[in-house]
Amino acid sequence: MILLNYPEAFAFAVLSAMAFAVIFQAPKNALPVCGVVGAVGWLVYIHLSQTLGVDSFYANLAASLAVSLLSEINARLWHHPVTVVVIPGLFPIVPGLAMYKGMTQIIEKNYDLGMSLLLQAGMDASAIALGVMAVGSLFRAVKLRQERAGLKRLAKEREEQS
Amino acid sequence: MTADKHYITREQALNVALNIGKVLLKSGAETSRVEDTIMRFCRTFGYHDINVFATPTMIIIGDETAVNASLMCRIRYRSNNLSNVKAINDFSYNIDPPNFNYDEAMAFLRYLLQKCPPYGKWTVCLASAICSAAFASMLGGNSHDFVAAFVTGGLAMTLLRQFDGYSLSAFWENALAGAAIGVLAIMCCAVSVQCTRMNIIVGSLMPFLPGLAFTNGLRDYLSGDLISGNSRIAEALLFAVSIAFGLALTLLLWYRWGWDLWPMGK
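Protein sequence lines correspond, in order, to chains A and B. Residue 167 is where the first sequence ends in my numbering, and the numbering goes up by one at each step. Residue 376 is where the second sequence ends in my numbering, and the numbering goes up by one at each step.
The set of hints was computed from the structure by calculation and includes no laboratory data. Don't take every hint at face value.
What the hints assert, rightly or not - Which bits of chain B does chain A cover? Going by a derived footprint, with three or more residues having C-beta under 8 angstroms, they are:
hint, stretch
1, 186-196
2, 290-296
3, 313-323
4, 353-359
Stated by the list, open to error - Derived DSS-like pairs: lysine-lysine, alpha-carbon spacing no greater than 30 angstroms straight-line:
hint, chain 1, residue 1, chain 2, residue 2
5, A, LYS148, B, LYS136
6, B, LYS136, A, LYS33
7, B, LYS225, B, LYS132
8, A, LYS161, B, LYS132
9, A, LYS148, B, LYS231
All values reported here derive from a predicted model rather than from experimental measurement. All C-beta atoms, glycine included, are put in the ideal place defined by N, C-alpha and C.
This is chain A alone, in the form it adopts within the complex (with noise of 0.2 angstroms):
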């Protein structure tokens, strides 16, 4: 029974983020950065999952990328490590309660739900693990390119000098 009332979700996940934040030991200018991402990326979730009832691992999946994207444009703009906004801007989209529902219902003998139940939450993490890994990847790619080009500018410049 997941809070549909948007601005009231939207706050709350702006707290629990900014706590996790606090408990994983963020730098405090990073905090308010972290709640806002990581309530954007809730949001994006609910409502792709919940409204408009796409199927949950590509809900997953957008909101990593949401998340991924504004945190590496948070590293480009306001100069914080790319980890610091992500680990806390992902938390209250990781799929810790079903892996939790999942080994409650192993530990009852339930094993097919219980088997049913992590396998659905791997399959989330897995969503999130490949939203951040493209964007990732994306930015480095771009990065290195723009490194090797300017080097060859670099040594283009040496050459015509010497």
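Dock chain B against the given chain A, drawing on the hints supplied.
Structure of chain B alone, referenced to chain A:
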């Protein structure tokens, strides 16, 4: 191609690199970041043939010859400290080889390894309480659930921090946290009828659940670090099992076997 001028010796470079990796792994960074930072550091000083292998419990730095030194270190206790990750990030981006002071760098890294984290014990417990309460509300709890989850999450984290000095294994720490959450959730439900046990438990569990560790393990898999990916995923599953174990034990004791913890006739 001009010859790179090494501003520090090979042993010094290896020492600094090893300590950088140690700080990063002890703060919970992912393996690809650790290896990438170490390699970039060595390359900045012109040592292009150094190889590094990192897992969550060990770092080995060396090269492919039998003559030069290679270093390794073991990492036994890992925690999550994003401030250290940021500090190392700033340190490694601001390295200026001509002005690099080896002793200062080693002193800085040693300081990072033993310094107290920026938020103390009580701030973390308060944050855990707020996190639990906010999550319980996000998942549809009412205001009674908010307060109950606040109390449960905060007290569970406080109890966990009390056992910091005893070096319990991670399994028992998490089982203790799960049991504490179960007991407190049952007590809160016994106090107020409008609390939903499921919402309170779910909200309070979120700071302790290893969902993030699981996702980091999958990120390691996708980066090609199979051993670290395997270890992190196994660790995450172990934590999930231990929390479920602690929680299920308490709930079983209360509901199945009728051990009346709070004799209020409920």
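Which hint numbers doesn't this structure obey? 2, 8, 9
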